[in-house]
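K.L.:
From first to last, the protein sequence lines are chains A and B.
According to our numbering, the residues represented by the first sequence are 1 to 372, in order.
According to our numbering, the residues represented by the second sequence are 373 to 566, in order.
Think of the hints as simulated: they come from the structure by calculation, not from any bench.
Heads up, the beta-carbon is just placed ideally off N, CA and C, and yes, glycines get one too.
Some hints could be false.
[Said to hold, decoys possible] Here chain A is said to cover these stretches of chain B; the calculated rule only asks that three of the stretch's residues, wherever they fall, bring their Cβ under 8 Å from a Cβ of chain A: (1) 441-455; (2) 539-545.
[As the list claims (entries may be wrong)] If you anchor each label on the Cβ, the simulated ranges turn out as follows: (3) A:F178 with B:G488: 35 to 45 Å; (4) B:L539 with A:L181: 52 to 62 Å; (5) B:R534 with A:Y325: 44 to 54 Å; (6) B:Q437 with A:G159: 35 to 45 Å; (7) A:G77 with B:A466: 36 to 46 Å; (8) B:A529 with A:A342: 49 to 59 Å; (9) B:P504 with A:L232: 43 to 53 Å; (10) A:F62 with B:R534: 31 to 41 Å.
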Amino acid sequence: MVSYASRLRRDISRWVAAGLIDAATGDAILRDVDAHERGALSFGTILAVMAALLVGAAILVFVAANWEAIPRLARVGTLFLIIAGGHVAGAVLKLRGDAIIAEAVWLVAAAAFGGAIALIGQMYHLSGDETEAVLVWCAGTALAAALLRSGPLTVAATGLATFWLFARGVGFWRPGDFPHLFVAVAAGLWAISHWTESVVARHFLVMSTVLYATLLGAEYEVTPVAITLGALCVLLFGLAVVFPGELERVVHLDGLLPVHCLLGFLVAMVMLQIEIGDESGSGFAVAAALAFAGIGGAIVLAGRESRSLRWLAYLGFAVELCLVYSVMIGSMLGTAGFFLAAGLLLGLTALVIIRIERNIGRPAGMSEEAAR
Amino acid sequence: MMTGKRLVLAACLVALAQIGFLSWMIAGRAAILRNGLEVLLRVEPIDPRDLLRGDYVRLGYEIRQVPVRLIENAPAGEFVTEEDVIYVRLGRDADGYWRARSASLAAPPTRAPGPGEVDIRGRVAQGWTLRPDSSVNVDYGIDRYYVPEGAGKAIEADMRERPFGILAAIGADGTAQIKALLDGERILFSEPLY
């Protein structure tokens with residue numbers, strides 16, 4: 001992906017060449033952007049994180065191999081050394097200014113902690129609850145994230161929490177109690193993510209909360225959960241549109257709260273529609289109409305400001321069309337009819353997207369002719 | 373931004389907390405192995421392999437099935453079990469294997485275990501029928517035996533032909549811990565404390 005700074009650099013050189021701004025202004029803008037651009041994923045960062053993940057995976061697979069050539073106590077000792085060495089070395093690296101490498105080393109240490117839990121499980125033939133082990137791993141990683149004030153570790157802990165939620169919620173290993181604890185886990189991680197200034201972790205958390213709601217609906221009763229989720233999303237969306245600045249200061253989501261709300265709303269509507277299914281009655285049609293209204297409303301209210309919201313809306317629109325088709329018309333038509341309908345639906349979607357993108361690309365108040 | 377000393381201190385604290393927790397886990401398990409009461413349990417195999425934790429044999433214990441009539445405090449009026457802790461009182465039979473004598477949901481049986489008896493703690497999942505002639509399935513958290521890579525299949529094949537045994541240690545709170553895997557009388561693997 002091209003970063004904002006490099007795109008801007010290209011634009012500025014074009015503007016300078018066209019005489020729109022002078023070279024001094026262009027330089028000043030670029031200096032300002034360089035100074036303020038933060039959190040952009042550089043190539044080096046990505047490689048460092050990938051390297052850390054690979055080393056971490058190597059540790060986990062090494063444990064899994066149950067290699068008897070090295071006494072188990074030596075294996076445990078090695079992992080303890082990696083945990084201790086990794087955390088301390090990361091701190092030293094951070095102080096020396098190698099922030100990215102420091103984070104990568106901390107990630108390796110976090111993997112070693114998870115590997116050690118698995119190794120102890122193996123040493124003592126524990127077959128208890130794997131999800132509990134994942135949760136302990138998550139807690140240890142979250143503790144490290146909080147104490148070291150590390151964004152990547154916060155993201156890792158959030159990922160583990162989400163995996164725990166999923167594994168527990170669908171009975172991945174074995175059926176068990178529903179993971180209601182997730183609410184508390186998510187709240188804790190949310191607080192940590194503010195302390196560690198990790199926007200990525202918060203995005204993950206919001207999405208896994210939607211996942212939690214979905215699992216909750218599947219476990220108990222879909223309709224009330226879906227309606228609550230949908231209503232909450234609409235409410236938050238409204239607040240985010242009316243008080244964008246105030247809400248952003250509370251949630252710090254890069255202004256993407258409306259996008260998350262739309263996603264949650266769409267998930268709720270799809271849940272409702274799948275639940276209602278092809279039962280006779282108007283319930284399905286009402287839910288579908290609500291979904292379309294929500295998509296339209298989201299584009300009108302917040303589409304201009306947010307490209308990602310628009311794309312999510314288009315995606316939701318396409319999914320909704322398929323859903324409606326499969327329930328209402330799907331039973332009546334053959335394969336050829338399906339292809340024809342799919343082609344027409346796709347064309348219709350494209351038409352809608354093109355019109356909206358054109359309208360949004362035009363400054364408010366300008367007529368269509370003027371825009372051309 | 374954290375100052376230098378504080379960050380290194382925080383890193384040490386994290387390492388200490390994580391390693392401390394892991395050591396506590398190891399110490400707890402080693403204590404059961406060292407001090408727990410030994411029981412011999414009969415097993416039959418299921419199937420091996422776990423992606424994250426290497427080769428293992430899944431063990432189907434004879435005491436896995438606990439007849440409902442043995443449960444002292446089976447809730448009257450309920451048709452199926454709730455997810456709960458269950459304590460199963462084991463007693464030693466003439467053939468050397470330990471088998472269920474009675475059981476109690478949620479708390480250990482009121483009568484203290486006599487000589488040659490011990491309470492093992494397990495979990496019963498939700499939804500087992502509580503009819504007097506049926507039995508509930510109990511998970512004691514010891515139904516895996518990790519073997520060196522590659523050895524799982526051979527052991528499992530042998531297990532299909534003759535009875536195997538697990539020597540387990542039962543801690544004071546009823547937690548079970550595998551001590552050795554036996555092929556009939558012969559000890560195949562036995563566990564060191566650490």
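K.L.:
Now look at each hint and say whether the structure bears it out.
P.N.:
For each hint, the structure was consulted:
no.	hint	result
1	441-455	violated (count 1)
2	539-545	violated (count 0)
3	A:F178 with B:G488: 35 to 45 Å	41 Å, holds
4	B:L539 with A:L181: 52 to 62 Å	36 Å, violated
5	B:R534 with A:Y325: 44 to 54 Å	60 Å, violated
6	B:Q437 with A:G159: 35 to 45 Å	39 Å, holds
7	A:G77 with B:A466: 36 to 46 Å	45 Å, holds
8	B:A529 with A:A342: 49 to 59 Å	52 Å, holds
9	B:P504 with A:L232: 43 to 53 Å	47 Å, holds
10	A:F62 with B:R534: 31 to 41 Å	34 Å, holds
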